[in-house]
Amino acid sequence: MDLIANLLRRPAAASILSLIGVLVFYVVFGGVELGKLANAASWLNYAARIGIVALPVGLLMISGEIDISIGAMIPAGAMTTAIISGYYDLPIIFGIIGALTIGVLVGLFNGILAVRTTVPTLIITLGTLVAMQGVVLAGSKLLTGAASVPLTAPAWAKTLFGDFIFGGSHQVIIIWWVILAVIFWFVMHMSKFGNWIFAIGGDKVSARNAGIPVDRITILLFVLTSTAASFVGMCHAILFNSAQVSGGMNDIFNIIVSVVVGGVLLTGGFGSIAGVFIGTLTFAIVNKGIDFTAIDRNWANLIIGVMLLIAVAMNESFRKMALSYAPKPKK
Amino acid sequence: MTKFSRFAATATTAIVAACAAGAVMAADIFVVGGKPDDPFWSRVKLGAEEAGKVAEAQGGSVTWLGPQNYDNLGPDAAELIRQAIDQGADAIVGPDWVPEAMDPAFQAVVDAGIPLVIYNAGGIEAADRLGALNYVGAVDYKSGFAGGEYLGNAGHKNGACVNTLPGAANLEAFCTGFNDGIASVGGTGSVLQLPATAFGDATAVAQAVRAHLLQNPEIDAMFAVGDGDTNATVSGIAQAGKTGSVKVCGMNFNDTILANIQAGTQACAIDQQGYQQGFFAVSILNNFVNYGVTIPTREILTGPGVIDAANVELVIEGVKAGAR
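Order-wise, the sequence lines are chains D and C.
Numbering-wise (the numbering used here), the first sequence opens with residue 545 and increments by one.
Numbering-wise (the numbering used here), the second sequence opens with residue 22 and increments by one.
If you are wondering where the hints come from, they were derived from the structure by calculation, not from laboratory data.
You may find that some hints are simply not true.
To be verified - Stretches of chain D that chain C covers, calculated by requiring three or more beta carbons in the stretch to come under 8 Å of a beta carbon on chain C:
| id | segment |
| --- | --- |
| 1 | 584-594 |
| 2 | 682-692 |
| 3 | 775-787 |
| 4 | 831-837 |
Remember, predicted model here, so these are calculated numbers, not experimental data.
For each residue, glycine too, the CB sits at the ideal point set by N, CA and C.
The whole structure should be built from the sequences, with the hints applied where relevant.
So this is what it looks like as structure tokens:
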């Protein structure tokens, strides 16, 4: 009994229950065959796409900040790769370096503004979001004259970043996602950096007084989120042999929702990597699993919305349980 | 039995029945298309579903797979095609919107031995290149050309094509066709490029059109690439105070557009008859899977047809009869 109670108090508990709830709902009401769903790649590909960005966004949100410029950074990474290596025909390595560089630069910009000003990071990154949408569209039109750029990547780059694995339609970024999740889990829960991030999210001033390099950590987290986003864009450009200008507005919400379903508090200080990982899986199954059901597609958005609300409500109650927990006095 | 459990029981029975029926040789056809709430695509979907009634009567099914938004069109559609394979499709219908992103997915369909029909975008070239059974749809370039030619012949020689989804091959073809069409009767054409986020956002499109017209007062003809965009363009022209002096043609139509053509605020609509695209693509595949019969005519054209003040009454009758 104690074991279950302990499990329920972990930040990932609600996301695991959400995941089970979603699957049960789809099986009972949608007639989903679990085997078919498990073998299908669509939801796992989608989870990897948003999950790679959701991991650093989760850390950033635990530290009490938010980054919505990720929406523009996914197409920015894709377009940078396609313009450098597709339009200008330079070796793909320059395209890859270019995409990651633009991620680092935008992340530095966001991070430095965040620590040097008192403007909320929602507003700062809203600014960079819209500005980067403009840079990507105008830059693409200026340099290539088109808003969509084809790209032919060499075999090694395809194998590494944009190929299908297991002989089916699973994408190689799934492996990247799992590796990154392990690394992030280690950093967050096994190293002092993780404690620092929780401390910053809990109380920034106390954290600084305790000697934690708050500014440096904040800037680093912003660099991670925007580089992760441009990395995903780059992988997509290599996989789909092309990149197009787009707003990426939906990605922002999907990523943040995944993180929140994963049990991270919007106000910071609470969350876990396992939670974010499972939250992303849950969101991807809600989102893509609807296609496997007998439910009319016209209802899809309603069902997605309701399921997310339930998941978040569960998070809320489990967190209360966790925070109000006191071990029974031993007799 | 409570209401709830009765519902659950009915649902389960239906599912079991569907699974049992799926076991015999029947065509489970997957149709990849636009958002179901897009007016044009809802008509394609209706056509596919009505053709699907035959498939259902034979124990098969028609499943519609559409993206939730058009932000990442090519890759999203490519993913849906692969998803259809994973879901065990007996036949697949899909539009070749962004060939670089989608062709490998279509290739996977053909490699898996699943019959494929390309519809709506890509043309017979895409069907030939990919080894698809056939192409069903309008030729985008010809549709745009018809619009440009129509406006040019009406004496409006300086045209702009509003492209709300830059990069989508079919929309680029509309605009190229429009520019060539207006040039063929001695006019000039240009393209107003909007960011992809403007797609489906009537206010954004209308504001962009208004601003463009005020900046470029010489423009006296506009072409829009979809029915929602056409309404937004008409509204943008009105906001610029240029109703009547700037003539509009647009792809596809709906009730508002027909009323606008009657009232004279819109010159013409180019119809690619979306219902036919869904209907014929599904019929061809269903008959092929069940009986092995083919349509030897390659490239089933469903457009362009020009709707203007001369024939709008007839079209409205067609809408009332449920045929358009």
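**Study point:** Hints breached by this structure
**Key:** none
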